[in-house]
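As they're listed, the protein sequences go chains B and V.
Each residue of the first sequence is one higher than the one before, counting from 1 in full-length UniProt numbering.
Each residue of the second sequence is one higher than the one before, counting from 1 in full-length UniProt numbering.
Hints are computed from structural coordinates only; laboratory data are not their basis.
Treat the hints with care, as some may be off.
[As the list claims (entries may be wrong)] Derived Cβ-Cβ restraints for the label pairs, each shown as a range:
1. B:Ser-106 / V:Lys-67: 38 to 44 Å
2. B:Asn-54 / V:His-41: 20 to 26 Å
3. B:Ser-106 / V:Leu-4: 20 to 26 Å
All values derive from a computational prediction rather than experimental measurement.
Just so you know, even glycine gets a beta-carbon here, dropped at the ideal spot from N, CA and C.
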Amino acid sequence: MNIHTIANHLNDLCDKSHTGLQFDCYPINGEVEVLQVNIVGREEIPVFVSVTENQVLCISYLWGEDEVNQERRLEMFETMLELNIPMPLSSFAKIDDKYVVYGALSVQSEMQEIELELSVLSDNCLEVIDEMADFLK
Amino acid sequence: MGILNKIITAFRGGATEVGQSIVDANSTRIFEQEIRDAENHLTKAKRELTDVMAKEMQASREVDRLKRSISEHEGYATQALEKENEALAMEVAEKISQLDQELAEQQSANTNFTAHATRLKELVRKTERQLTDYQRQLSMVKTTESVQKATASITDSFAGSSSKLLNAKDSLESIKARQQQFDDRLVAAEQLADENSDKSLHDKLAQAGIGEQKSNANAVLDRLKARK
């Protein structure tokens with residue numbers, strides 16, 4: 001399992017997708033290889049996939065610290081903690097100064113599970129931004 | 001101090017800039033070596049444990065055999081005494097005394113083996129526990145590093161290209177707008193399709209002379225005649 005097997009699978013899906021979404025994958029080079037997965041119609045919010053020794057990490061950026069209304073920051077944290085369990089397959093996290101939602105899968109996962117993960121992550125991401133926009137500037 | 005604490009300390013200390021690692025590569029290597037050592041330790045302890053347990057079983061069988069032999073010889077000695085053969089009884093008694101001594105030795109060995117096996121089992125359990133914990137910690141370090149590096153790759157990629165990560169609200173708005181446009185177009189297409197299918201049906205019916213007919217001169221004349 002590496003980002004290229006995932007990319008090939010997703011790019012070959014076309015209309016055979018199980019989730020009703022279409023994916024466009026672009027590998028990003030670097031010390032750790034990352035796959036940028038664009039979902040057709042949602043290109044503004046891509047999902048980034050990287051594969052480590054034991055897990056597949058799927059990450060979508062929500063917003064930066066600079067976008068947060070600082071007066072409501074604590075309230076935003078509480079909401080994130082409260083939503084963390086109900087939100088299917090994804091969790092909130094922070095990387096550097098960016099808030100993200102992410103999902104982690106075993107490297108033994110089937111491609112269909114990765115497809116589902118990406119689709120749910122993208123749905124969660126859009127819904128979270130929609131619902132939590134009040135906490136942003 | 002656990003690895004989680006190190007990670008948090010490193011984050012608080014601002015070790016999150018690109019290129020700066022939470023734990024340097026060298027200590028990760030040392031840590032991996034520690035894990036391999038613990039694994040070797042575990043394999044050795046398990047092998048030794050099997051050995052000791054086999055010896056324990058062997059000793060326990062020997063104890064049983066000696067006990068049986070002693071009670072057997074005690075029976076012989078009693079019979080010799082009943083037959084007033086003191087000399088024979090004495091000879092058997094000497095044999096019993098010899099067996100008693102052997103039994104004591106075997107029992108002592110057995111106790112030692114049992115104690116050793118217990119110690120080894122405890123060691124195996126502890127080593128296994130430690131190994132699981134080491135592996136968990138290593139996975140945390142590696143994941144943290146990997147995410148940092150991945151973030152660096154993503155940031156570089158976006159900095160180097162014309163595309164740029166929009167802010168959250170704008171991104172959502174433009175996705176929604178596109179979705180709305182798509183939906184509108186879908187609705188419009190459906191309406192158009194409905195109208196077309198209505199019209200074509202109408203045409204077919206008219207051709208077949210069914211339904212509302214077009215007004216023509218003959219029909220008008222017929223109507224006027226009928227009024228009279």
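- Message: Name the hints, by number, that the structure is in violation of.
- Response: Checked against the structure, the only hint that fails is number 1, while the rest are satisfied.
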